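**Student:** Sequence:
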Amino acid sequence: MKRFALAAAFVAVAACSEGGDPVQMALRDASAARQAAAVEEGSTRAPAAPVAGRDTTGDAAYVAGMIEHHRAAVKMAVDALARSDDPEIRRLAQAEIDKRTGEITELQSWKPAA
292 MKRFALAAAF
302 VAVAACSEGG
312 DPVQMALRDA
322 SAARQAAAVE
332 EGSTRAPAAP
342 VAGRDTTGDA
352 AYVAGMIEHH
362 RAAVKMAVDA
372 LARSDDPEIR
382 RLAQAEIDKR
392 TGEITELQSW
402 KPAA
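Residue numbers (the working numbering): 292 to 405.
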């Protein structure tokens with residue numbers, strides 16, 4: 292618990308000294324607090340449960356997992372575009388859509404070595 296309190300205090304002091312957008316600061320603080328709590332508890336996100344008959348190791352699993360990961364990022368960015376009027380958020384969301392869509396295409400074109 293001491294590490295969590297120390298991390299939270301550090302983030303609060305850093306946020307005060309940095310200034311900036313209060314919403315971004317609050318998001319950063321919340322993220323840091325969640326990370327500190329996870330470290331304090333010694334927990335990490337559990338890996339996805341294996342799917343019967345599907346290789347969960349190796350190149351193919353990596354490519355499939357990254358495609359799924361990037362699709363989730365695109366969905367979040369599309370949602371941000373639909374909900375936000377903030378020009379900077381909209382710019383960041385569109386950049387994320389463009390970048391991840393290209394990466395999905397690249398990953399989908401990958402063929403395993405013969």
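Some hints here could point you the wrong way.
As the list claims (entries may be wrong) - In silico lysine-lysine, BS3-like type, Cα no more than 30 Å apart, as pairs:
hint : residue 1 : residue 2
1    : K390      : K366
2    : K402      : K366
3    : K390      : K402
These aren't lab readings, by the way, just hints derived from the structure by calculation.
Since the structure is predicted, the reported quantities are computational estimates derived from the model, not experimental observations.
**Student:** Let me make sure I understand: some of the numbered hints might not hold for this structure. Which ones are they, in numerical order?
**Tutor:** none
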